[in-house]
Every structure is written in C-alpha cells, then in structure tokens.
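Undergrad: One line per chain: the protein sequences are A and B, in this order.
This note's numbering numbers the first residue of the first sequence as 114 and each following residue consecutively.
This note's numbering numbers the first residue of the second sequence as 317 and each following residue consecutively.
Just so you know, the hints here were simulated from the structure itself, not pulled from any lab data.
Errors might be hidden in some of the hints.
[Said to hold, decoys possible] Reference listing, derived: stretches of chain A covered by chain B, where coverage requires no fewer than 3 residues with Cβ under 8 Å from a Cβ of chain B:
(1) 114 to 125
(2) 145 to 159
(3) 242 to 255
[Stated by the list, open to error] Pair by pair, the computed Cβ-Cβ distance ranges are:
(4) B:G367 / A:P210: 34 to 44 Å
(5) B:A405 / A:T144: 17 to 27 Å
(6) A:K206 / B:P365: 39 to 49 Å
(7) B:A386 / A:L228: 32 to 42 Å
(8) A:F236 / B:D404: 13 to 23 Å
(9) A:P210 / B:P365: 21 to 31 Å
(10) A:G205 / B:F390: 22 to 32 Å
For every residue, glycine included, the Cβ atom is placed at its ideal position computed from N, Cα and C.
Here is what each chain is made of, one letter per residue.
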Amino acid sequence: MQPPSEHVHWMFATGFLILGLCMLGEAIVGTEIWTRRRWRAYLWPSTLFLMGVLMWPVMTFFTNSTIHMIAHGSWAQVLMLAGATELALVRGKISSPWWRLTSALALIVSGAALLIHEQNGWFFQRSAFLHHLMGWTLVTVAVIPFARCIRPRSVGLGSAYALTFVALAVLLYCDRDLAPVFGHLSPVAGIPHR
Amino acid sequence: MNAELVSELEVPRQRSSRARLVSALGPLTVLIGFVWAIMQPYRITLLHPHGQTFWWLVIEPPLLVILIGALFHFVVVPGLLEDLENADATS
Numbered sequence: 114m115q116p117p118s119e120h121v122h123w124m125f126a127t128g129f130l131i132l133g134l135c136m137l138g139e140a141i142v143g144t145e146i147w148t149r150r151r152w153r154a155y156l157w158p159s160t161l162f163l164m165g166v167l168m169w170p171v172m173t174f175f176t177n178s179t180i181h182m183i184a185h186g187s188w189a190q191v192l193m194l195a196g197a198t199e200l201a202l203v204r205g206k207i208s209s210p211w212w213r214l215t216s217a218l219a220l221i222v223s224g225a226a227l228l229i230h231e232q233n234g235w236f237f238q239r240s241a242f243l244h245h246l247m248g249w250t251l252v253t254v255a256v257i258p259f260a261r262c263i264r265p266r267s268v269g270l271g272s273a274y275a276l277t278f279v280a281l282a283v284l285l286y287c288d289r290d291l292a293p294v295f296g297h298l299s300p301v302a303g304i305p306h307r
Numbered sequence: 317m318n319a320e321l322v323s324e325l326e327v328p329r330q331r332s333s334r335a336r337l338v339s340a341l342g343p344l345t346v347l348i349g350f351v352w353a354i355m356q357p358y359r360i361t362l363l364h365p366h367g368q369t370f371w372w373l374v375i376e377p378p379l380l381v382i383l384i385g386a387l388f389h390f391v392v393v394p395g396l397l398e399d400l401e402n403a404d405a406t407s
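Could you build the full structure based on these sequences and the hints that come with them?
TA: Here you go:
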C-alpha cells in the first residue's frame, strides 16, 4: 500500500501549491488583512509545519540509502522549524522579523540536501535534472526571506517568496520515477514504465 | 419618482485591483489544471481506470491542481474579499 515515490513528490507539490497560493494571497492583500481571521493566519504556517511532520514517514519508508535518509530527515527538521517559527510569529510568542531567518536556513539546508543527495549528473534522467534545478533554485532564493527580515512589508518580496513555492510545486509535479529530460535518458537509468 | 426608493438603490461597487487580483488566483489555478489535463490526458487515470492501482487513482496531479484552485477560490477568497472591502471602506 506504499505509494510510488513519484506520487509522494506530487503530494508534496500539492502542499507547496497550497503554500504558494496562500502566501500570494497574503502578499496581495497585506498581512494585516490576511490575519484578520485567525484560521486564515494559521493556514499556511500550519501547512508548512504539517509538511515537515509528513516528511518523517517519507524518511522512514523511502530510505534506500543513508544519504537519502539524511536528506529527508533534514527537510523534515527545517520544514518543521520554519513552520513553527511562522506559527509563533502569528501567535505573538515572538515578534522580531529576524526570526524569519529560519526560513532562509530552511531553504539553504533543503537546497544543499537536494544537491548533495543527487549522485547523478543533470541529464541522467528527469528526476536528477529536477533535483539539481530545485537545489540551485532553493539556495538562490534563500536571499528572499533574508531580505524580508529587512523589509517585512514589501509586496514584491512577499510575492517573490510566494512564487518560489509555486515554482517548487511545478517542479515537483514534473517529477517522475524514471523519465527522459529534454530527450536525454541515460541507458543505465532503466526503462520508463509509463 | 419616490426619492426614498432611489436612496435605497445600491451603487455598484468598484472592486479594487487587489480584490480583482486575489479573485483571479483560484480560477487561474483551475484553468492551468484544465489545460494540463487536456495536454497530458494520460495523467488522468480516471479516464482509463481499469487495472490502475490505488495511488494512481487517488493522486492525479492535474485534478489536484484544479481541486486546490477551487478550494482556494471558494473557501479562502470570499472572507478575504469581505475583509478587504471592510478595510477599504474604513480607510
């Protein structure tokens, strides 16, 4: 009853799409209006935290090597850390915008984990390409939450941060267990099953 | 003409650009999901369910995109627009 790993990627893509839409909504209307209803204020931080929690079963059941276990475990931890920080900010337990550096940390750690745990080159197959692309994307966009610590009310930065999650969703939806990328598929990768 | 009745007529309210933008997010997401489903129909296993396993029937990316877009539009956006209009009215 265990889902194929590509389905797990698509489930997390759906989580990132929810995050992206909610964050885009918040960036457009402003944090003050977005947080007028308490359930809405908690919506995307709790989704982020839940995704971190759900990454633990992924670590447990989809570990085919030590490096995969470390990568999945590190994603679980940083997603939970970033989600918990956002929840604490919404709740008012903490107030400094510099706490959002945990999001920058989460992006850098996630990006590094993606790049390190992918052992094949860019054009080995589609998932390898996507791992490289997502890794470099995450490492690069880590500058956005850092900039948001300085300018927390910036609509441009908020939108860019939200679109990062939408882009992540798109990349994760593109993932397949075994498929060519731009016509490239290594002969040692195997045969695509559908 | 009864002036009292005229005064009760509501002037159609002009939606702000922010309201229009946030209202467009859900339908745009649904549209993207539909276009994806048309371009890659083999990803919709409900169209050919025979012999498919549980996960292939439950997790269908284009349908998930459509679902999320619709949920955002019908669950999140109405309250958001209400709050946005209240904020605009008081400012």
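Undergrad: That 17 to 27 Å hint for B:A405 and A:T144 (C-beta), does it hold up?
TA: 19 Å, holds
Undergrad: With 21 to 31 Å as the target window, see if A:P210 and B:P365 comply at their CB atoms.
TA: Since A:P210 and B:P365 have Cβ atoms about 50 Å apart, the given range 21 to 31 Å is violated.
Undergrad: Within the segment 242 to 255 of chain A, is the number of residues with a Cβ closer than 8 Å to a Cβ of chain B three or more?
TA: violated (count 0)
Undergrad: Measuring from beta carbon to beta carbon, are A:K206 and B:P365 in 39 to 49 Å?
TA: Given a distance of about 48 Å, which is inside 39 to 49 Å, the answer is holds.
Undergrad: Using the C-beta atoms of B:A386 and A:L228, is the stated range 32 to 42 Å upheld?
TA: 35 Å, holds
Undergrad: Would you say the segment 145 to 159 of chain A counts as covered by chain B, given the rule of at least 3 residues with C-beta under 8 Å?
TA: holds (count 7)
Undergrad: Please count how many residues of the segment 114 to 125 of chain A have a CB within 8 Å of a CB from chain B and say whether that reaches 3.
TA: holds (count 6)
Undergrad: Holds or violated: the 13 to 23 Å window for the beta-carbon distance between A:F236 and B:D404?
TA: 51 Å, violated
Undergrad: Determine whether the Cβ-Cβ distance between B:G367 and A:P210 falls within the hinted range of 34 to 44 Å.
TA: With a Cβ separation near 53 Å, B:G367 and A:P210 fall outside 34 to 44 Å, so the hint is violated.
Undergrad: So the hint says 22 to 32 Å: do the beta-carbon atoms of A:G205 and B:F390 match that?
TA: 30 Å, holds
Going down the numbered hints, you'll see the structure goes against 3, 4, 8, 9, while the others check out.
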